[in-house]
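K.L.:
Sequence order for the protein chains is A and B. Here my numbering is used: the first residue of the first sequence is 1, the next is one more, and so on. Here my numbering is used: the first residue of the second sequence is 1, the next is one more, and so on.
By construction, these hints were calculated from the structure, which means they are not laboratory data. Among these hints, one or two may not hold up.
[What the hints assert, rightly or not] Okay, derived cross-link-like pairs now, DSBU-like style, lysine-lysine, Cα gap no bigger than 30 Å in a straight line: (1) A:Lys212 with A:Lys153; (2) A:Lys212 with B:Lys85; (3) B:Lys187 with B:Lys40; (4) B:Lys172 with B:Lys32; (5) B:Lys27 with B:Lys236; (6) B:Lys38 with B:Lys72; (7) B:Lys187 with A:Lys212; (8) B:Lys187 with B:Lys27; (9) A:Lys212 with B:Lys142; (10) B:Lys236 with A:Lys52; (11) B:Lys85 with B:Lys129; (12) B:Lys27 with B:Lys72; (13) A:Lys66 with B:Lys40; (14) B:Lys236 with A:Lys91; (15) A:Lys153 with A:Lys196; (16) A:Lys156 with A:Lys237; (17) A:Lys66 with B:Lys142; (18) A:Lys66 with B:Lys38; (19) B:Lys140 with B:Lys40.
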Amino acid sequence: MNSHRLNLNFAGLNLKSPTALASGILGYSAESMQSIVEAGAGALVTKSVGLKPRTGYANPTVIQAKCGLINAMGLPNPGIDTYVHEIRHAKTILTVPLIVSVYGFSAEEYAATAHKAAEAGADAIELNVSCPHVKETGSEIGQNPALLAEVVKKVKATVHTPVIVKLSPNVTDITATAEAAVKAGADALTAVNTIKAMAIDAETALPILSNKRGGLSGPAIKPVALRCVYDIYEKVKAPIMGCGGVTTWRDAVEFLLAGASAVQIGTAIALRNSSVFEAVNRGVSAYLRKKGFRSVNEIVGLSHRS
Amino acid sequence: MSAYLTAANTMRTTRIITVKTESPTVKTFIVKDTLCSKAKPGQFLMLWAPRVDEIPLSILDAGDGAVSVAVKAVGEATRALHMLKSGDTVGVRGPFGTSFTENDGRILLAGGGTGTAPLLFLAKKLAAKVKRLIFVMGAKTKDELLFLREIEALCTGKSVVAATEDGSYGLKCLATEPLEALFAQEKFDMVYTCGPELMVRKVFELAEQHGVAVEASLERLMRCSIGICGSCVIGKYRVCRDGPVFNATRLREVTAELGVSKLGFDGARIPI
Ligand SMILES: Cc1cc2nc3c(=O)[nH]c(=O)nc-3n(C[C@H](O)[C@H](O)[C@H](O)COP(=O)(O)OP(=O)(O)OC[C@H]3O[C@@H](n4cnc5c(N)ncnc54)[C@H](O)[C@@H]3O)c2cc1C
Ligand SMILES: Cc1cc2nc3c(=O)[nH]c(=O)nc-3n(C[C@H](O)[C@H](O)[C@H](O)COP(=O)(O)O)c2cc1C
Ligand code: FES
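So that you can see chain B by itself, here it is in the shape it has in the complex:
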């Protein structure tokens, strides 16, 4: 990011255009914002719920002067966001961080939970141009399989593999099971992943075993999001600035921490 962009990327307040309920725990929000409307898949923004908190969220879609994010209610800030309606005011900073490289060929996307959000954005860019696009997604129940219809429409035919832990839709297993089978069956040119870190680590390991290029989007505690406060470090990298999208070379350098540990709010290392 250029010096100009960091300096000019001040927080701006903006209105929520639309709120949509996606699942019992996830809502998507579309807000007006010129800078973020130019974001690329994989990048994130910081969303301020006035009087409550400011949190990092992956960009779900961007264009036409607006940006959307999917928010899962897990704590104080995300629950406060779920109370907001169209017309309410929020603060936005961003877009921040690295994006996925948009590769050609046979592509595998592996998403879990809200990790499917940036992958859906990526899939929209890739769908028209790649040879093959397989989307593997996992959730606890059918209700929590996010963006299932959009993804099925993008990856036509048999190329969506859904796994639920309770078997209420698709396979009854963790998303990593069909992934193992897919890697064994097919030669992919590229795999992209985002989701719970243990799943991300597993996808990274499978890709390495099968010699497939991989990019993963990671999460860490974020405060400044511009690369100075140190809250989000993994190894020598800052997830907010050197990531959140990491390629295999960098993932190899952080295996001691990937899926293992992160820094807590007080900067102490805690297990994942």
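Here chain A stands alone, though its shape is the one from the complex:
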């Protein structure tokens, strides 16, 4: 289904629908990403890639919680020098923008990885400064506005593609990190990554994840993510991808009303399968028609008017 109502421009990227694949979900191979495009995604974010390969943590790495998932994958990835082949291949088959997610252990590593990804054909770079379970990258950068600004500046000086910063909800005031990112040159923001969490088994009295701590995603975090988007929209003038628990069209509409220009979907693929993209797109389109809106852009931030 391709309704013009759903077309939008996000930081210079043309999206055919407001639903994007979130990072870390099926984002290794071009073929599996293409299957998500066929399911209706308007953009794709790859698995987070770094300068060197990482095998990630031992299982259990993902477990079901009552209203979502807790994961501590440990950023498994083949390293950018191998992944550039997948990016090049993906660019020959994908019909939507490819956003490559990168992480690093220093500003220089972020910039070097982003540079290689952009050269291989990435349409945009998403900076994962918010992974809650790997030390010295991810949220340790995303929780420190000065460090975050340094990373963004270095990356912006290296690549010409749009740079999106993915924010951590594990902070006291998310608008502070959002402002720091945008001031340093970020073109857009993704809000949010997972919330620090864990699971303990009563029988064995052991933490279940091999890394003990992980990140919570899915319906459980939607109200938190929605509030983060609402707060950021109030303070910062940069397009936002809402992320966290989007499972139905109603969730997506709520994120748009809170101020997101598009949404990312991850955990719902486990809960509903990839058909969730088409279902959400259809529902958003029907909502717009029923309410008399011509474009999805017209409802972005609408809940702020009162």
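Following the hints, complete the assembly by docking chain B with the ligands onto the known chain A.
P.N.:
Just chain B with the ligands, lined up with the frame of chain A:
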């Protein structure tokens, strides 16, 4: 799998009821679990050895509130499982994935190594109703021919063909040799296979050559087992959710990778 089932399929800890030694390297474990006791042949579960690892295992049998799996000791997790005794605690998630369709007619089953486990489960369901049931199994030595007695009891008479690489039982060759002869001799309605991927690929190719419908159960590295982490992809499919049982239409779509390459722990493609 319904949304409800994925959301409700949290890990639960349970006790091992029985441990049985099947071969020098394989033990079977029966554990109590209501959800998995309803599993169908071809589906798998995730078994957590506390403090060690959580690994995918094909379901060997299910019913009466319990489920069994056959574990071959090959590395850290499987060796740790072999140390466990009845009464010990393990974690279970599942059952996951697609199952074999239970067809009628003349059926050929081709299993290698622990790949015979899901096929034995299937054979138990098929034995009573199908016209003909031939089980071809292969292993390095007689000791490693798994479930030989159960399979011979199910497929009575001459319909079990065993092949060992050292000739210690049955034919002295790879299981694919008698398969070539069987396909040439007989017209089958359906072939099911599970085992080492090069054997699976060969069975798929033979079935295609002879115009026989085929289903194969595949293996890939698994982490989430619910279709989101991407560790287990082959072509555009996820082995944990779109598989592990694939029919010929889907197998044709993944021939570039079947028996050729898979993703390693870091997500890079590695040869099989
Ligand atoms: C759908 C499916 C069904 C399976 N059924 C059975 C079965 O019935 N009986 C049986 O003995 N084995 C089965 N396996 C294989 C079994 O999961 C591996 O042998 C086991 O994970 C090895 O773990 P380890 O720590 O002992 O060995 P390691 O030393 O860690 O690894 C040995 C090899 O096992 C494989 N492996 C390791 N971890 C995983 C993982 N998380 N997922 C998949 N493969 C892995 C890798 O290829 C690795 O090279 C199945 C695998 C899959 C995917
Ligand atoms: C299994 C899994 C792996 C993830 N890997 C990454 C990753 O590599 N990089 C990243 O920025 N976010 C990662 N995330 C976070 C998601 O992209 C997303 O921000 C989060 O799951 C919230 O969205 P959701 O509720 O729709 O899943 C991962 C999430 C899950 C569940
Ligand atoms: S194991 Fe995670 S997608 Fe299959």
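K.L.:
Taken at face value, is the distance from the CA of lysine 38 of chain B to the CA of lysine 66 of chain A at most 30 Å?
P.N.:
Distance of about 22 Å is within 30 Å: holds.
K.L.:
Straight-line Cα separation of lysine 140 of chain B and lysine 40 of chain B no greater than 30 Å?
P.N.:
holds (29 Å)
K.L.:
Hinted pair, alpha-carbon criterion (30 Å max): lysine 212 of chain A, lysine 153 of chain A. Please report holds or violated.
P.N.:
violated (34 Å)
K.L.:
Assess, step by step, whether the Cα of lysine 236 of chain B is no farther than 30 Å from the Cα of lysine 91 of chain A, and give holds or violated.
P.N.:
holds (16 Å)
K.L.:
Would the pair lysine 212 of chain A and lysine 85 of chain B pass a check requiring their Cα atoms to be no farther apart than 30 Å?
P.N.:
holds (26 Å)
K.L.:
If you draw a straight line from the CA of lysine 153 of chain A to the CA of lysine 196 of chain A, is it 30 Å or shorter?
P.N.:
holds (27 Å)
K.L.:
Need the status of pair lysine 187 of chain B, lysine 212 of chain A: alpha-carbon distance at most 30 Å?
P.N.:
violated (54 Å)
K.L.:
Sort out whether lysine 142 of chain B lies within 30 Å of lysine 66 of chain A, counting only the CA atoms.
P.N.:
It is violated: about 47 Å lies between the C-alpha atoms, which goes past 30 Å.
K.L.:
Going straight from one Cα to the other, do lysine 27 of chain B and lysine 72 of chain B come out at no more than 30 Å?
P.N.:
Holds: lysine 27 of chain B and lysine 72 of chain B sit about 7 Å apart, inside 30 Å.
K.L.:
Quick one, are lysine 156 of chain A and lysine 237 of chain A close enough, alpha carbons at most 30 Å?
P.N.:
holds (18 Å)
K.L.:
Between the alpha carbons of lysine 212 of chain A and lysine 142 of chain B, is the straight-line distance 30 Å or under?
P.N.:
violated (43 Å)
K.L.:
If you draw a straight line from the CA of lysine 27 of chain B to the CA of lysine 236 of chain B, is it 30 Å or shorter?
P.N.:
The hint is violated at about 34 Å.
In this structure, the earlier hints numbered 1, 4, 5, 7, 8, 9, 11 and 17 are contradicted, and the remaining ones agree with it.
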